[in-house]
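Residues per chain, in single letters:
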Amino acid sequence: MFWLGGLSLSLLSAVSFGILSNVPLRTLPAVGLVGMSGWAIYRLATLEGLAASFATFLGSTFISLASQTLSVRLRVPATNFSVAGIIVLVPGSTAYKSMLAFINGDYLGGVTLGAQTSLLGGAIAAGLILGLSLFRLWKGFVSRYARNARTRAKTD
Amino acid sequence: MLIGLSNELVMETCLLAGEIMLKSGAETYRVEDTMQLLAGSVGMESVHSFVTPTSIIFSYRAGDEDHTRMIRIPNRTIDLNKVTLVNEVSRQLVSGQISLQEAYSKLLEIDLKKTLYPPLLLHLAAGLASGSFAVLIGGNLFDFLLTIVSGFLVNLTVSYVQQILQVKLFAEFVAAFVGGIVVLQAAWFFPVLHLDLMLIGTMIPLFPGIAVTNSLRDLMAGDLVAGVSRGVEAVLTALSVAVAAAIVLSFVG
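From first to last, the protein sequence lines are chains H and P.
The opening residue of the first sequence carries number 1 in the working numbering; numbering runs sequentially from there.
The opening residue of the second sequence carries number 1 in the working numbering; numbering runs sequentially from there.
Treat the hints as calculated values from the structure; they're not laboratory data.
All residues carry an ideal CB built from backbone N, CA and C; glycine is no exception.
Each hint can be trusted.
Output of the computed footprint for chain P on chain H, the stretches with three or more beta carbons under 8 Å from beta carbons of chain P:
(1) 2 to 12
(2) 71 to 82
(3) 85 to 94
(4) 98 to 111
(5) 123 to 133
Below, a sample of chain P positions facing chain H; criterion: calculated Cβ distance under 8 Å:
(6) Asp79
(7) Val83
(8) Asn87
(9) Thr115
(10) Tyr117
(11) Ala126
(12) Leu128
(13) Ala129
(14) Leu136
(15) Ile137
(16) Asp196
(17) Phe207
(18) Ile210
(19) Leu216
(20) Arg217
(21) Met220
Whenever a hint applies, use it, and build me the whole structure from the sequences.
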């Protein structure tokens, strides 16, 4: 029941963010799926006992890789997918708690929670960048292999 | 008409494509690549472009003449559909399926296009995104319903204030404030609601997701100026929303 609710809600929120940023209609289902699986990975990792920052990192790496792959498959820019995907990983509650601590005059707690928030934000950024570089590496391999195969075919 | 002059047409087409993409929230490297591919595919030499989030400088060499122009992009919205469409046009032109003239008229058409979804649906989507985020972090059904309303109001306020004042940061501040007040009143009257979860959910459509991802991609691609300025834009947006939320929270005492 928990999983069903969580999965459908993350799907709903990713699709809504897709509509909000005007992604083309034909990519909307894929956008929802990317957001949903990103959330599922994050959730699974936290339930397995991993730290929140590492779980966020895993989720955003997956989202980045999935949006690159889908952008090649569906021939649309990758931003279409990654933008709705990362929203479900945004550390909203830590940012909120940090702000609340500052307002209540608890500056030490505020700084602690603020550092935690920026760690989570950094994890999202690092995951996105890792996915991007992995994809570029893979593409480089593929194009080099294809070029070699073509030259071999020519010389044969 | 500038159709007679081929060089002029190339310049107009490239700049129009770049302008539409940058206005609609594309990454800097994509804008630069598209313009260079377009000009290169019709035989221009030493094509260079310099794109920041607010301006485009573009130059190429045709025969023994140099052509350079610069345009400013005053305001930017987010419309990924237009980015995708321009991408398709440039792909067709480079692969030789359409002529430059056809590409130019297609781009003019894309520029005039309205957003893909009607405004009401956009506001509703913002509300649904808010509501589902509030439940994802631990809210219940009542939180969901109320956060839909406040998210709807937030997006409505952003679009109207933006139209009147033309200052994006202030529009976001006002919208976050309005959403916060609505949520605060509701939590005041119905103690079953969770103020904290609803407040987080309400603020989430204002999160600068596209600015953050684009800034990272720009930095990765080596466009340091564009990446840093987009990053600053994202931080400023987040700050204006945070200040509004902080003011609302200070009413709670």
